[in-house]
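Heads up: the protein sequence lines correspond to chains A and B, in order.
Note that our numbering has the first sequence beginning at 1, numbered continuously upward.
Note that our numbering has the second sequence beginning at 1, numbered continuously upward.
Hints may be right or wrong, so weigh each one.
To be clear about the criterion: a stretch of chain A counts as covered by chain B if any three or more of its residues have a C-beta under 8 angstroms from a C-beta of chain B, and this derived list gives those stretches [said to hold, decoys possible]: (1) 7-17; (2) 28-34; (3) 39-46; (4) 50-59.
Among chain A residues calculated to face chain B with C-beta under 8 angstroms, some are [stated by the list, open to error]: (5) Val20; (6) Met22; (7) Val74; (8) Val77; (9) Leu81; (10) Tyr87; (11) Leu92; (12) Ala100; (13) Tyr106.
Since the hints were derived computationally from the structure, they do not count as laboratory data.
Every residue, glycine too, gets a C-beta built ideally from N, C-alpha and C.
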Amino acid sequence: MSDWNGRRWHDMGGQAAGPVPMDGHDFALWEKRVDALMVLCGQKGLFTVDGLRRALEDMGEDAFDTMSYYERWVAAVNQNLLETGAYSIEELGTRMDEIATRGPTYAEAQNG
Amino acid sequence: MPHDHHDHDHFHHEGMSPSGHPYRADNDGPLTYWQRMEIAIRELLIEKGQLTPAEISGQIDAMDARSPANGAAVVARAWVDPAFKARLLSDAASASREMGFDIGPLNLIAVENTPQTHNLIVCTLCSCYPRNLLGLPPDWYKTREYRSRAVREPRAVLQEFGLDLPDTVTVRVHDSTADMRYIVLPAQPEGSEDMTEAELADLVTRDSMIGTGLPRQP
Chain A
1 MSDWNGRRWH DMGGQAAGPV PMDGHDFALW EKRVDALMVL CGQKGLFTVD GLRRALEDMG
61 EDAFDTMSYY ERWVAAVNQN LLETGAYSIE ELGTRMDEIA TRGPTYAEAQ NG
Chain B
1 MPHDHHDHDH FHHEGMSPSG HPYRADNDGP LTYWQRMEIA IRELLIEKGQ LTPAEISGQI
61 DAMDARSPAN GAAVVARAWV DPAFKARLLS DAASASREMG FDIGPLNLIA VENTPQTHNL
121 IVCTLCSCYP RNLLGLPPDW YKTREYRSRA VREPRAVLQE FGLDLPDTVT VRVHDSTADM
181 RYIVLPAQPE GSEDMTEAEL ADLVTRDSMI GTGLPRQP
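Hey, can you work out the whole structure from these sequences and the hints?
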């Protein structure tokens, strides 16, 4: 990689970019829950914000361009929880399959 | 109209959520892969005794309770109380705690706008933000465009926010980290000297505490 400039993708300070997009959105319940999971897992010592950042940065630029902010966060939270052994990948996959049978929308599947 | 307008709380603009963001058109789209992952993680952690449903809903309530009104109250106090302002500029976390705001274990640094200096905050590496005083960051704060350009051409970025600063004003850009967050202490607007602390807080906008805006004029 002779053309590598010494930066990883997330180190974007000072790069050229277009106008700042001003449109925003309010946060959906599932996004707030992801945020709450991150904060609570940190408080309980399951992993740290540095662990979150590492997983986010290792996802690479493609994830930044194709996934929303909290989609990246939930993937990073999951990565850290798998590493710390909070649950197994089999448990996760089985549960996600079961959740898919509950209904077509988040409201029906959330079990809140 | 999505909800009643509250005159006493200027952060609740019509069409805006309590956290100061436009409402989503629809929260009930088709269930996504990542939403299923959130549900699965939450359920597994609860079943294994790591978390309780009450802890999660309590954390969301605390998140919803944090809005730029918290930061505005701190700014207004600094404008009326020089001793508080001095404490804020020396240790913003402990000064904010004095007012009852939970800052967590973060280092928080307040940077003061003066006639000579305008401060702007950014997190070029991710999305670090003084969320305990301002709530969750606006989407633009997390964009590639803002993160990349705020440190390269801050005056051009500020112009996109409608802020055209004269060349005599120095622009200082502060790059946040996970452990060290910044908040801008905007300059008190001229003509507001006789206003009460509560009236002053109503002049303080979210963007004026990020540095992409100025307080409202009285």
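Should the interface hint for A:Tyr106 be scored as holding, given a Cβ-Cβ cut-off of 8 angstroms against chain B?
-> Cβ of A:Tyr106 sits 5 angstroms from chain B, so the hint holds.
8 angstroms C-beta test of the region 7-17 of chain A against chain B, three or more residues | holds (count 8)
For the hint on A:Tyr87, just tell me whether its beta-carbon gets within less than 8 angstroms of chain B.
-> holds (4 angstroms)
Given coverage of the region 39-46 of chain A by chain B, checked by CB-CB distance under 8 angstroms (3 or more) = holds (count 5)
Answer holds if the nearest beta-carbon of chain B is closer than 8 angstroms to that of A:Leu81; otherwise answer violated.
-> With Cβ-Cβ at 7 angstroms, under 8 angstroms, it holds.
Is the interface hint for A:Val74 satisfied, with its Cβ closer than 8 angstroms to some Cβ of chain B?
-> Since the shortest Cβ distance to chain B is 5 angstroms, the answer is holds.
For the region 28-34 of chain A, do at least 3 residues have a Cβ located nearer than 8 angstroms to some Cβ of chain B?
-> The restraint on the region 28-34 of chain A holds, since 6 of its residues have a Cβ under 8 angstroms from chain B and three suffice.
Tell me if A:Met22 is really an interface residue toward chain B, meaning its C-beta lies closer than 8 angstroms to one of theirs.
-> holds (6 angstroms)
Verdict on chain B covering the region 50-59 of chain A, where coverage means 3 or more residues with a C-beta closer than 8 angstroms | With 3 residues close enough to chain B, the hint holds.
Holds or violated: is there a CB of chain B closer than 8 angstroms to the CB of A:Val20?
-> Result: holds, 5 angstroms to nearest chain B Cβ.
Closer than 8 angstroms between Cβ atoms is the bar; does A:Val77 clear it against chain B? Give me holds or violated.
-> holds (6 angstroms)
Is the interface hint for A:Ala100 satisfied, with its Cβ closer than 8 angstroms to some Cβ of chain B?
-> This hint holds: A:Ala100 lies near chain B, its Cβ roughly 6 angstroms from the closest one there, short of 8 angstroms.
The structure is consistent with each of the numbered hints, conforming to all of them.
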